[in-house]
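S.K.: Residue-level listing of the chains:
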Amino acid sequence: MANTQAMCTSFKVDLFNAVHAFNATGVPAHTAATADTFKAALYVTTATVDATTTAYSATNEVSGTNYSAGGVTVTFGTAPTSSSTTAYITPSASIVYTNVTLSTAFNAVLIYNSTQSNKAVSVHTFGSQTITAGTFTLTMPTNDSTNALLRLA
Amino acid sequence: MALVNTIHGEMDDALLEKKEGSLDNETETTSWVEYWLNGELVHRSVHMELKRSVIGTPVAASLA
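Protein sequences appear in the order of chains A and B. The numbering used here numbers the first residue of the first sequence as 1 and each following residue consecutively. The numbering used here numbers the first residue of the second sequence as 1 and each following residue consecutively.
To be clear, the hints were calculated from the coordinates, so they are not data collected in a lab. You may find that some hints are simply not true.
[Claimed, not checked] Once the Cα atoms are required to be at most 25 Å apart in a straight line, the calculated BS3-like pairs of lysine-lysine come out as:
id, chain 1, residue 1, chain 2, residue 2
1, B, Lys51, A, Lys12
2, A, Lys39, B, Lys51
3, A, Lys12, A, Lys119
4, A, Lys119, B, Lys51
[To be verified] Just the calculated beta-carbon pair ranges, DEER-fashion:
id, chain 1, residue 1, chain 2, residue 2, range
5, A, Asn66, B, Asp13, 17 to 23 Å
6, B, Asp13, A, Phe11, 50 to 56 Å
7, A, Ala93, B, Ala61, 35 to 41 Å
8, A, Gly70, B, Arg52, 21 to 27 Å
Even for Gly, the Cβ is constructed at its ideal location relative to N, Cα and C.
Excised from the complex, chain A in its bound form (with noise of 0.2 Å):
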């Protein structure tokens, strides 16, 4: 047996679940175990959402039929889990924008906590898309170590 420099798995999935706070300031109070709810807000192509993006912004943000600002309600159903040295969590559902008009061209999906003041999480980019008085699904990758659509590795 040898001692190895990590950092410890469970500690990845902790953050996934917000169980840890090094400091109050900027804590969420999550005082009751009741999970938060993330959206998903489509960005055009001319847009910049990265790893700089720090919140959600309607700016630059599609716009057109049936697309409501701030955009769809993403599901995690399946809690945060770890594979050998890797946490991961993907939401449980497509995320879909049912019967909407985008007529100028979008490439990005942010996903934010709506229930932590907007709070950016992740950035998914894609090729360009337009959508006519149709649906877009966007379907999630298999929810494993290798796979996952958000992880700690």
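On the provided structure of chain A, position chain B as indicated by the hints.
M.R.: Here is chain B on its own, set in the frame of chain A:
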């Protein structure tokens, strides 16, 4: 007969020209369906499966 939601309301698909396509790359697997009426795009839906994860790499730095 199947009804298709279009910018002009629900229409019989027999009246429309249907176009389909797909894309498979390292980022996504995407398929789309379009319906056209007299050269006008009246319906476009997209189904996309995201492949690329967002990966964070927490590091426990050495104290030495």
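S.K.: So, for every hint listed, does it hold in this structure?
M.R.: For each hint, the structure was consulted:
no., hint, in the structure
1, B:Lys51 to A:Lys12, "holds (22 Å)"
2, A:Lys39 to B:Lys51, "holds (19 Å)"
3, A:Lys12 to A:Lys119, "holds (19 Å)"
4, A:Lys119 to B:Lys51, "holds (24 Å)"
5, A:Asn66 to B:Asp13: 17 to 23 Å, "holds (21 Å)"
6, B:Asp13 to A:Phe11: 50 to 56 Å, "holds (54 Å)"
7, A:Ala93 to B:Ala61: 35 to 41 Å, "holds (38 Å)"
8, A:Gly70 to B:Arg52: 21 to 27 Å, "holds (24 Å)"
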